[in-house]
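*Asks:* Given the sequences, and given the hints that come with them, work out the whole structure.
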Amino acid sequence: MPHAPHSLSLAILLVIALAPLAGAVLAGLFGRQLGRTGAHAVTIGAVGISCLLSCQVLWQLATGRVDPFNANVYTFFEVGSFNAHVGFLIDNLTAMMMAVVTFVSLLVHVYTIGYMRDDPGYQRFFAYISLFTFSMLMLVMSNNFLQLFFGWEAVGLVSYLLIGFWYTRPTAIFANLKAFLVNRVGDFGFLLGIAGVQMWYQSLDYSAVFANAASQQGVLVQLVPALPSLGFGGWDVLVTSFICICLFVGAMGKSAQVPLHVWLPDSMEGPTPISALIHAATMVTAGIFMVARMSPLFELSDTALDFVLFIGATTAFFTGLIGIVQNDIKRVVAYSTLSQLGYMTVALGASAYSAAVFHLMTHAFFKALLFLGAGSVIIAMHHEQDMRRMGGLRKYMPITFVTMWIGTLALTGMPLLSGFYSKDTIIEAAAEHMHETGTWVATYAYVAVLLGVFVTSFYSFRLLYLTFHGRERFRDPAPADTHARADAHAAHDNHAHDAHDAHDAHDGHDHADHGPVEPRESPLVVTIPLILLAIPSLVIGFLTVGPMLHGHFFDGAIVTADSHPAMAMLGHEFRELSVWGTHGALAMALKGIVAWPFALALLGFVLATWFYLVDPSMPVRMRRVFAWPIRVLEDKYGFDDLWIKGFAGGGIAFGRLASRFGDAWFIDGIVNGSAWLMDRFASLARRIQSGYLYHYAFAMILGLIVLLAMLARMGH
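Last residue of the sequence shown: number 779 in my numbering, and the count goes up by one each step with no gaps.
These are calculated hints, taken from the structure and not from any lab test.
Yeah, the Cβ is synthetic: ideal placement off N, Cα and C, and Gly gets one too.
What you were told as hints is all true, and nothing was included just to trick you.
Here are the simulated distance ranges between beta carbons:
id, residue 1, residue 2, range
1, 636, 184, 49 to 59 Å
2, 183, 732, 44 to 54 Å
3, 703, 142, 42 to 52 Å
Taking lysine to aspartate or glutamate and the DMTMM-like style, the derived pairs with C-alpha atoms no more than 25 Å apart in a straight line are:
id, residue 1, residue 2
4, 708, 698
5, 458, 584
6, 654, 636
7, 458, 581
8, 654, 499
9, 708, 250
10, 654, 639
11, 458, 539
12, 458, 535
13, 458, 678
14, 708, 726
15, 708, 697
*Replies:* Okay, here's the thing in structure tokens:
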């Protein structure tokens with residue numbers, strides 16, 4: 064007879080959250096005393112404890128041994144009806160995020176031992192990544208908006224420190240400042256959304272807000288109250304739409320959605336381990352998790368969902384195209400991350416929240432694998448990141464080669480691998496949403512994610528071919544500059560050149576030595592995390608697609624309205640397929656082989672093989688034919704110029720104008736002008752004070768005559 068579920072242990076939850084913080088404090092404050100071994104031992108041990116306990120919590124919740132946990136732990140202050148407290152909401156959604164975050168973080172910690180072994184900031188780096196893990200756990204475990212905002216800002220702050228870890232490099236400082244400022248734009252909207260929640264729902268606790276949301280569904284808010292008094296119509300929007308769009312603007316910053324995506328590719332200036340940690344399972348997925356957590360709010364606003372859908376579709380397709388013309392191995396993977404985050408956002412906009420979170424989970428494993436695999440290549444190539452200086456590495460790095468192929472196949476949606484189940488579910492959900500609503504934005508989203516499959520396949524296999532196949536170009540003499548290098552290799556593996564990325568030929572160390580390179584496989588401390596990430600990249604989708612997507616795993620954590628039936632329809636189809644194999648996963652893969660996404664992925668594979676293995680001169684001819692579109696992609700659609708020259712440059716120009724006219728003329732004019740007037744008045748008044756007695760007597764007589772004249776006039 065099964066036992067009744069019991070409550071989760073608060074002590075275990077506190078250990079999960081605070082253990083990485085303790086490791087960060089020890090490594091950060093006592094790193095010199097602990098030494099390198101002690102620093103990585105305490106941080107890895109702390110994150111390892113969090114990982115084990117998180118997996119235990121996930122197992123207990125998934126099997127029904129415990130009930131979800133929602134309680135406040137500590138109250139900071141109370142002001143009237145407003146209170147700020149630390150609390151935990153632990154349900155299946157949170158537990159899955161906790162397990163994924165701590166598992167990927169643990170492997171990144173282990174990988175860092177090999178990657179950063181010669182870096183003088185070794186202890187500092189371990190302190191940062193452990194603190195990053197703590198911040199992310201506080202974000203996903205929170206049960207209120209205030210704690211969510213604390214974790215939100217904490218991961219932003221630590222990512223700033225990590226992207227600019229090599230602070231002596233101007234490019235790293237520029238990149239971390241760019242990331243910090245762009246995220247502040249998104250966070251401004253996020254803060255407005257939280258303020259709206261407090262104003263209209265009178266609480267920041269998730270449970271209270273979700274309970275009150277339906278009652279405010281039809282309430283209108285006037286965005287600019289002064290407009291009617293000026294003779295204009297007021298901008299009336301639904302309260303729920305306003306709050307949800309503001310919250311999603313915050314997600315656009317953290318999850319790098321167009322146009323707030325420009326910071327993420329530049330974050331490659333940080334060491335490769337943090338690239339994997341930021342881009343795989345943690346910071347960039349915070350926005351996806353937040354919207355899924357807020358599903359009871361977003362389901363009340365079709366306007367907000369359409370906005371989410373449009374932004375996600377634009378990001379999924381158009382940022383993926385940029386990856387085709389990148390030379391830097393890490394930047395290709397970075398633009399892949401942008402595109403996949405777009406897929407998750409499309410799922411959110413189609414009310415397929417479980418599909419978005421499921422893709423978040425599968426993507427965490429294979430994207431971390433690809434980033435760490437790229438780092439392994441960079442180590443072997445003496446910190447060279449330019450794929451035009453690689454080739455033929457498969458025989459030197461067999462483990463890295465095989466694991467990166469697994470990660471690439473998962474990313475491109477090869478049936479039976481993890482990425483297939485999550486990505487194809489998102490595409491099918493977009494198709495169902497299009498058929499259900501018939502709106503132009505739904506049609507646009509479906510076409511974008513479908514074409515994105517081809518783009519993803521093409522640039523992913525291009526990366527593999529340029530890195531591991533073909534001739535060994537790293538033995539060629541290096542041209543004097545990047546332009547010459549591109550010309551020297553164009554006949555073999557042309558891909559578009561971006562002059563702005565010339566500094567990306569190294570990974571935080573001195574410029575790569577372009578002399579003879581003898582690559583070899585990375586040490587076990589690097590390759591073991593690759594193997595451990597390759598395993599879930601192969602099987603996690605097959606094993607979990609049934610219960611997580613089409614079972615009751617997210618019941619109570621994710622809310623979907625009856626008017627948004629995309630996932631319900633897909634669940635019905637999946638259960639019909641379940642007679643074919645284990646939870647329908649095998650039948651779903653067989654069905655996927657004859658579907659459009661697999662055909663487009665196969666087309667991308669064929670074209671990449673033709674361009675970079677069969678006929679290497681083809682990219683040269685394609686570059687001549689499509690010179691203008693390629694230049695547009697190299698310029699990244701001008702978004703960098705828009706932000707750097709437009710917004711940042713415009714802000715600087717406005718500041719100079721304000722300094723010249725407002726400060727120098729107006730403010731200084733008032734201050735200095737008033738001083739000048741007082742000086743002139745004092746100069747005139749000083750002449751009256753002559754010090755001679757007859758002057759004062761004359762003034763008194765003159766004043767007396769004037770006074771008598773006035774009295775005489777008044778008498779008449």
